[in-house]
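There are 2 protein chains.
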Amino acid sequence: MNRVKKKAVILLSGGLDSATCLAIAKSQGYECYAMSFNYGQRHKAELLAAEVVANTLGVEAFKVIGIDMGGIGGSALTDADIAVPVDGASSGIPITYVPARNTVFLSLALGWAEVLDANDIFIGVNSVDYSGYPDCRPEFISAFEILANVATKKGVEEHSLSIKTPLIDLSKAEIIQRGVALGVDYALTVSCYQATDSGKACGKCESCRLRKEGFEAAGVMDPTQY
Amino acid sequence: MNRVKKKAVILLSGGLDSATCLAIAKSQGYECYAMSFNYGQRHKAELLAAEVVANTLGVEAFKVIGIDMGGIGGSALTDADIAVPVDGASSGIPITYVPARNTVFLSLALGWAEVLDANDIFIGVNSVDYSGYPDCRPEFISAFEILANVATKKGVEEHSLSIKTPLIDLSKAEIIQRGVALGVDYALTVSCYQATDSGKACGKCESCRLRKEGFEAAGVMDPTQY
Numbered sequence: 001m002n003r004v005k006k007k008a009v010i011l012l013s014g015g016l017d018s019a020t021c022l023a024i025a026k027s028q029g030y031e032c033y034a035m036s037f038n039y040g041q042r043h044k045a046e047l048l049a050a051e052v053v054a055n056t057l058g059v060e061a062f063k064v065i066g067i068d069m070g071g072i073g074g075s076a077l078t079d080a081d082i083a084v085p086v087d088g089a090s091s092g093i094p095i096t097y098v099p100a101r102n103t104v105f106l107s108l109a110l111g112w113a114e115v116l117d118a119n120d121i122f123i124g125v126n127s128v129d130y131s132g133y134p135d136c137r138p139e140f141i142s143a144f145e146i147l148a149n150v151a152t153k154k155g156v157e158e159h160s161l162s163i164k165t166p167l168i169d170l171s172k173a174e175i176i177q178r179g180v181a182l183g184v185d186y187a188l189t190v191s192c193y194q195a196t197d198s199g200k201a202c203g204k205c206e207s208c209r210l211r212k213e214g215f216e217a218a219g220v221m222d223p224t225q226y
Numbered sequence: 001m002n003r004v005k006k007k008a009v010i011l012l013s014g015g016l017d018s019a020t021c022l023a024i025a026k027s028q029g030y031e032c033y034a035m036s037f038n039y040g041q042r043h044k045a046e047l048l049a050a051e052v053v054a055n056t057l058g059v060e061a062f063k064v065i066g067i068d069m070g071g072i073g074g075s076a077l078t079d080a081d082i083a084v085p086v087d088g089a090s091s092g093i094p095i096t097y098v099p100a101r102n103t104v105f106l107s108l109a110l111g112w113a114e115v116l117d118a119n120d121i122f123i124g125v126n127s128v129d130y131s132g133y134p135d136c137r138p139e140f141i142s143a144f145e146i147l148a149n150v151a152t153k154k155g156v157e158e159h160s161l162s163i164k165t166p167l168i169d170l171s172k173a174e175i176i177q178r179g180v181a182l183g184v185d186y187a188l189t190v191s192c193y194q195a196t197d198s199g200k201a202c203g204k205c206e207s208c209r210l211r212k213e214g215f216e217a218a219g220v221m222d223p224t225q226y
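Protein chains in written order, with my numbering: chain A, 1 to 226; chain B, 1 to 226.
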């Protein structure tokens, strides 16, 4: 009998979705390797939150990879000269979209998966209550999974790489209910695009609004510090 | 009449292939944006070479993006504890393969292309005289191009992103002949996996061997400093 646990790389942002994603992977019996990115985002509160979430839920390893994405610019999340909108949802793809961010993150997760000999990569993307980012859609995930299996030694030899998106069809309220059932402490997570260094949320940005509405719809007390 | 030049992002490593790739893009009338990566490789000579090549051939901008790929490990090129082989070609995918490297590099090029509103990304991969890396094959490039057009705002709206591989079917000798015709000074390029900081090549690693044989087969004097 093979008693070796299956391994997975989990992309962890410090936010609500990825914390739930990690809890789901753990509940499915995976040995979890959590990965966060220091990519020039506006605040470090989410990286601190990611580490606390990883330690609290329990992971085999937690790694923060530095990437100089601010050098590319083009987003309110990495360019201090572009303001984060706080005036309600706009149509189209918003200015908080970071060009190719999930492609970059999944690529690095793929590299680590290959080194670890892990078949599965978990990412907490969601196509229901999301912000209209192209790289959160099922089409994107499918295309990346195909790429992963031609891009790597492991993929070419075993055709075994899979991108897992357990939140893809859930509403924010359903994600929260799922996480609460699995024991996720959402007080540890930070979703705000412009949180203070101690993790206080603005309560006004798109990400804060989606989160707040999610707790209301789920009928769960919102533990966010505003 | 639209007199705006078409823009391209060119991945530039400081080696022979990518220098030729940049020269080809320039000869096709592109306004070129060159991109290099400081990803924990063994030596910095190739980054210095990339900058000199970019300045000599002429680019609109040259950007070096830092990525902490050494944190992932698993390759002789980023892990000082793994030796670079100097004892002839081995079968299979070699230890100098960096997990998911071209996927990571193309992802960041894709992000910059989106910010620049560039449709084309040039990468000097080659499927003839190459080292057996999975992410240098045409299947990989096709899969990445499909991904690019679902991963980004620009791709979703215009379906215009293209990954250009002008060297894909050329032998090393043909690449060199092409570059010489376009005025590339190969003395400025560094291909060696373990060059000294001043750019002296070892003459023994796989990359040095392929390069040396290429100059011989092309009938061109080898300007490499060994």
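Take these hints with a grain of salt, some might be off.
Identical copies carry no separate label here, and so any pair may be met within one copy or between two of them.
Said to hold, decoys possible - Derived pair list, reagent style DSBU-like, types lysine-lysine, alpha-carbon separation capped at 30 Å: (1) K153 x K63; (2) K26 x K204; (3) K204 x K153; (4) K212 x K5; (5) K153 x K212; (6) K212 x K6; (7) K5 x K44.
Since the hints were made in silico from the structure, they are not lab data.
Here is what the structure says about each hint:
When the C-alpha separation of K153 and K63 is checked against a cutoff of 30 Å, the pair qualifies both within a copy, at 22 Å, and between copies, at 29 Å. In this assembly of identical chains, K26 and K204 lie within 30 Å of each other by CA distance neither inside one copy nor across copies; the values are 32 Å within and 47 Å between. Only between protomers do K204 and K153 lie at most 30 Å apart by alpha-carbon distance; the minimum there is 24 Å, versus 45 Å within a single protomer. For the identical chains of this complex, K212 and K5 are neighbours neither inside a copy (36 Å) nor across copies (47 Å), given an alpha-carbon limit of 30 Å.
Taking the shortest Cα distances, K153 and K212 sit within 30 Å of each other only across copies (27 Å), while inside one copy they are farther apart (43 Å). Within a single copy, K212 and K6 get their C-alpha atoms no closer than 35 Å, and across copies no closer than 44 Å, so neither meets the 30 Å cut-off. Proximity of K5 to K44 under the C-alpha cut-off of 30 Å is found in neither arrangement, the shortest distances being 32 Å within a copy and 40 Å between copies.
Hint compliance for this structure: hints 2, 4, 6 and 7 are broken, all remaining hints hold.
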